[in-house]
Structures are given as structure tokens and as C-alpha cells.
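Chemist: With the hints as constraints, model all of the structure from the sequences given.
Protein chains: 2
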Amino acid sequence: MSFPLSNLTSGLRVPPGPVDLAAVETDAAPGFDGRKKDGEAALLALGPELADLQERLFADGKSGGRRSVLLVLQGMDTSGKGGTLRSTVGLVDPQGVRITSFKAPTEEERAHDFLWRITNALPPVGLIGVFDRSHYEDVLIARVRSLAPTEEIERRYDAINAWEADLEAKGTTIIKCMLHISADEQKARLLARLDDETKHWKYNPGDVDERERWSAYQEAYEIAIERTNTKVAPWHVIPADKKWYRNLAIGTLLHDALRSFDLGWPKADFDVEHEKQRLRDEKPL
Amino acid sequence: MSFPLSNLTSGLRVPPGPVDLAAVETDAAPGFDGRKKDGEAALLALGPELADLQERLFADGKSGGRRSVLLVLQGMDTSGKGGTLRSTVGLVDPQGVRITSFKAPTEEERAHDFLWRITNALPPVGLIGVFDRSHYEDVLIARVRSLAPTEEIERRYDAINAWEADLEAKGTTIIKCMLHISADEQKARLLARLDDETKHWKYNPGDVDERERWSAYQEAYEIAIERTNTKVAPWHVIPADKKWYRNLAIGTLLHDALRSFDLGWPKADFDVEHEKQRLRDEKPL
Numbered sequence: 001m002s003f004p005l006s007n008l009t010s011g012l013r014v015p016p017g018p019v020d021l022a023a024v025e026t027d028a029a030p031g032f033d034g035r036k037k038d039g040e041a042a043l044l045a046l047g048p049e050l051a052d053l054q055e056r057l058f059a060d061g062k063s064g065g066r067r068s069v070l071l072v073l074q075g076m077d078t079s080g081k082g083g084t085l086r087s088t089v090g091l092v093d094p095q096g097v098r099i100t101s102f103k104a105p106t107e108e109e110r111a112h113d114f115l116w117r118i119t120n121a122l123p124p125v126g127l128i129g130v131f132d133r134s135h136y137e138d139v140l141i142a143r144v145r146s147l148a149p150t151e152e153i154e155r156r157y158d159a160i161n162a163w164e165a166d167l168e169a170k171g172t173t174i175i176k177c178m179l180h181i182s183a184d185e186q187k188a189r190l191l192a193r194l195d196d197e198t199k200h201w202k203y204n205p206g207d208v209d210e211r212e213r214w215s216a217y218q219e220a221y222e223i224a225i226e227r228t229n230t231k232v233a234p235w236h237v238i239p240a241d242k243k244w245y246r247n248l249a250i251g252t253l254l255h256d257a258l259r260s261f262d263l264g265w266p267k268a269d270f271d272v273e274h275e276k277q278r279l280r281d282e283k284p285l
Numbered sequence: 001m002s003f004p005l006s007n008l009t010s011g012l013r014v015p016p017g018p019v020d021l022a023a024v025e026t027d028a029a030p031g032f033d034g035r036k037k038d039g040e041a042a043l044l045a046l047g048p049e050l051a052d053l054q055e056r057l058f059a060d061g062k063s064g065g066r067r068s069v070l071l072v073l074q075g076m077d078t079s080g081k082g083g084t085l086r087s088t089v090g091l092v093d094p095q096g097v098r099i100t101s102f103k104a105p106t107e108e109e110r111a112h113d114f115l116w117r118i119t120n121a122l123p124p125v126g127l128i129g130v131f132d133r134s135h136y137e138d139v140l141i142a143r144v145r146s147l148a149p150t151e152e153i154e155r156r157y158d159a160i161n162a163w164e165a166d167l168e169a170k171g172t173t174i175i176k177c178m179l180h181i182s183a184d185e186q187k188a189r190l191l192a193r194l195d196d197e198t199k200h201w202k203y204n205p206g207d208v209d210e211r212e213r214w215s216a217y218q219e220a221y222e223i224a225i226e227r228t229n230t231k232v233a234p235w236h237v238i239p240a241d242k243k244w245y246r247n248l249a250i251g252t253l254l255h256d257a258l259r260s261f262d263l264g265w266p267k268a269d270f271d272v273e274h275e276k277q278r279l280r281d282e283k284p285l
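The listed protein sequences correspond, in order, to chains S and Z. In terms of full-length UniProt numbering, the first sequence has 22 at position 22, counting the first letter as 1, and numbering is strictly consecutive. In terms of full-length UniProt numbering, the second sequence has 269 at position 269, counting the first letter as 1, and numbering is strictly consecutive.
Relax, there's no trap hidden among the hints.
One copy or two, it doesn't matter: identical chains are merged, so the pair holds either way.
Below, simulated EDC-like cross-link-like pairs (lysine to aspartate or glutamate); rule was C-alpha separation at most 20 Å, straight line: (1) Lys-62 to Asp-93; (2) Lys-231 to Asp-256; (3) Lys-187 to Asp-207; (4) Lys-199 to Glu-49; (5) Lys-202 to Asp-269; (6) Lys-62 to Asp-196; (7) Lys-243 to Asp-184.
Calculated from the structure, these hints are not laboratory results.
Modeler: Laid out in C-alpha cells, this is it:
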């Protein structure tokens, strides 16, 4: 039995207007009729086609094409940005991927405009870039913790839209995803980390303090998504309590973006028969 | 039936002294008794342990450790540097890997010492860096095509040894591999690319011209390997006509290097029970 993925992604795209995250069920699996094992099988089945599409993008980039993909992953701690990456991006050739994890900005980075370090991390043509956190931190944590003046935060929404529009115009398809988990699910995941000695290194007591600001973060996400939910770079809110659904949804978004390029293989810019003859006529080396 | 991998890598390590590449069979599978299907199965079976060891290295790097791995892949065109990467490095979390493909240096790169761009591409602590071509091009193609004066090439062998020794001392384990194919195998692979329209983008007529310098390249490799075959950063010559053997050999070298670190999981630097209690006592968000 196979489960069609064609309806999966359309429901994840955020419609224009105000955003109400509380209205999006975090443990749902919209657009997919199957269960966990079906979802996992569907993602694995997508693997070879994802790998093929990624190689076409890479080949296009090596042959004068200007396209690239930028997958932006945002979400609260433990929402599974790293796990998504392993499960979906891990299906394609690692040479075709450039992953950047954004931490708190360094002193040098803070001395520049907030988009400076982001621009430096953009994927070259032909590659899939993945941002684990991104420029959106500069309107999320920056807003919640007042790391920048209100006017500066306001300016940033517009700056992001202009920057993303420019990027799209130059050939980069941007896929923006918010991995949406509930506060209860985060609590369960933090407790699971504490219960597992091999996961202690991932745990940070500060993450629990940050939970007190949960609703402020949700509000900051709602505002950020509404203000930057443009036609060229729309947002997707991914129900992420179910890891298998989260992975399948993002794998499908990546797949759909790559397939939309409709890329053939680059044509030879040399005489194929002549080259064969040269090799066959070669003197012994 | 299982095939032990413990004897596979020792025979690939180049002994000190002069190097005779012609004496190394390119289509052999030293140290492995099985056939193609056995070799492919053995590499896949290595996958989960490789992934586990890579995650331990990553966790160590996040917890104050200084270790990293640098896998250097060198070889003639079509020797399979990219394929090796896909098959071996593709088995671990892409977030734990940093891949750099070195092309002809840019004007800016040429304005610096040859090790400048190499140093910039080194893996951060906790990561596996992979070089597809490397600083060795500066004593290989540079020697064959006289891109630098003889004295400069001579200087570079010593500079490489000093640089690699420094790197090792700082915590980076260096695995240097020459993927060794025969001229006939290269010819067959080039012809196969010409026969397959989906591979034309990988073909460059200049590669055939370069074949006329085959023996000069082999000699340049022999000299480079002999001069830089140090105790801290020894060379491995990998018979690479058989793709499955090449992949298995390099996967095993990577595995052995990671396992030699003997890394446990980082201990918690916080009170685990206290953290559990805080989460359980939390007021509703």
C-alpha cells in the first residue's frame, strides 16, 4: 500500500494574515493517512529520488546554472532541527549540502549588520544549504530578551523580506520551516535527555529557564511568521511532536522544491564521438 | 558469514622508504577475503558503529574536547574521491562532517602561502573534515606542470610535514589516502562517462590530455608520499579499481581512527536529579 504525498505539503504552508500557533495541533499528521511505519517507509522511498534530484541540481550548478536551495529550520529547543537534518538531508550526497548551525553571534558578527554572517553562510550554486537556526533568531530571541531596540527589530522584518526577495531573484529557492512542538512535548524530551547518560551533553539547565518564556517565544514566532510570510519565501509550520511526520514533511518539501526546477542533465559542450575516438586511439601510456 | 576487518588497514599503510606504486596492484583487495557483495555488506554493517563513534566525537567537541579527524583523499581523475565520500562519509550525521573540494587556487589564494586556504578549511573540534584533493596538489600537479620553482616544491614537503605535525599535536588525527587506479581503469571510466548522457557533465576533454602525463603523475605521487610519510601522518595507498573495496577500506580507516579515541559520553556538569525535579515541579506554562 502506498501513501500519496501530493497533499502533504500544501496544508503546511501558512496562509497570509495573522498567525495563531495555538490553533495548529503539534501532534497531528496533516495530509498523510498512514501511521508511523508508513511515514518512515514513505521517507525512505523518497530517498533515491531526492538523491537524483540533488545530483541534477549539483550538475546544473557545475554547468552554468544559478540555482540553489536554502532550507531554514527554526523551532524551540528539542523541536528536532538536528534530527530532521540527519533523517532528510542525510538521504542525499553530503558533497551537495552545506549545513550551518547558528549560535549566539560572536563579537565580530555583532559588529556587522545581522544579515552579514547569514549572507556568508549561503550555499554556493548547485548546493542545498541548510540553516539550523538562522537570521530569524534576530527577531525571535532578540525580541523576547530585548537584545535589540524595538525599532531595530521592526526594521529587521523588512530587511529580511528584502534580503530573501533578492536571494530568490538570484536563483535560490527558500524553504522556511518552523518545527512546532508543544510545551509538554518539550518537557518530555528534556526529561528523556536527563534519563539517558548518552544524552546529557545535549542538556543545558538554561533551557529550563527559557521555558518560562514559552508564550513570549510563541508570540514572537507568530509575529515573525506573519511579517515575513511572503509569496517568494513563504513559511511552513510543521507539526513536530511526531518525529516521523516532521521528517516526512520536510523531506517532501525539499523534494518538491528540487522537482520544481525540472532539471535535465547538462548537455555535453564537447564532441562526444570525437572524445571516444581519442581515447580509443590513444598510444600506450 | 562475517569477514573480519582487523587486518584490512594495516596492509594499506605505506612503509617508510621509497615508494613504488607500480608494485601495488590496483585491482586487489588486500586483507579482505570476501567478494563484492560481502564487502558492500561489511561497509553497511559498519555504518551504525561509525555513526555512533562520530556522535561521540561531536559530543566530545561540544564538551571541551580538542579532537577532530581530517580525511585527505587524493587520486587521479575518476579514482573515486566523490564516490568514496558518498559511500563512507554518507553513513554518518551530515552535521558532523565538513567537506572541502579543492579546485585550482583563486587569485586571492595564490597571493597567500599554499597552506593558507588549507588551514582555513580545517574541521572545527568534534568534526570530521574531508578534503577532496588537498595541499598535496601543490606538490603533485604543481610538480608535473612546473607551476612552482623546484626549490619551492622542495620546501613544500617539509612545510607540509611541519604543518601536519602541528595539527596532530593540537588534536587532529590525519588519515591520508591515495586512491590508486590503473591507467586502463581510468580509460574505462572515462569511456563509461561518455557512454552515459547523465554523466557528460562530469567529463572534461582536458582529462584526456592529462593522461599523457600519467607516468609523471605517478612519479610525483611516489615522491610526495615518500617525503611526507611521517609517523604522525602516514600515507595509505588504497587499491581503487574495485569501488567496493576502496569504500570499505576508507570506511574502515575512518572507523579505526574514531575508535582509537576511545571516547565515552561526556559527563553531566549539572545535577541531574535536581534538573529532573525542576522540570517536574514546573508551574503550568
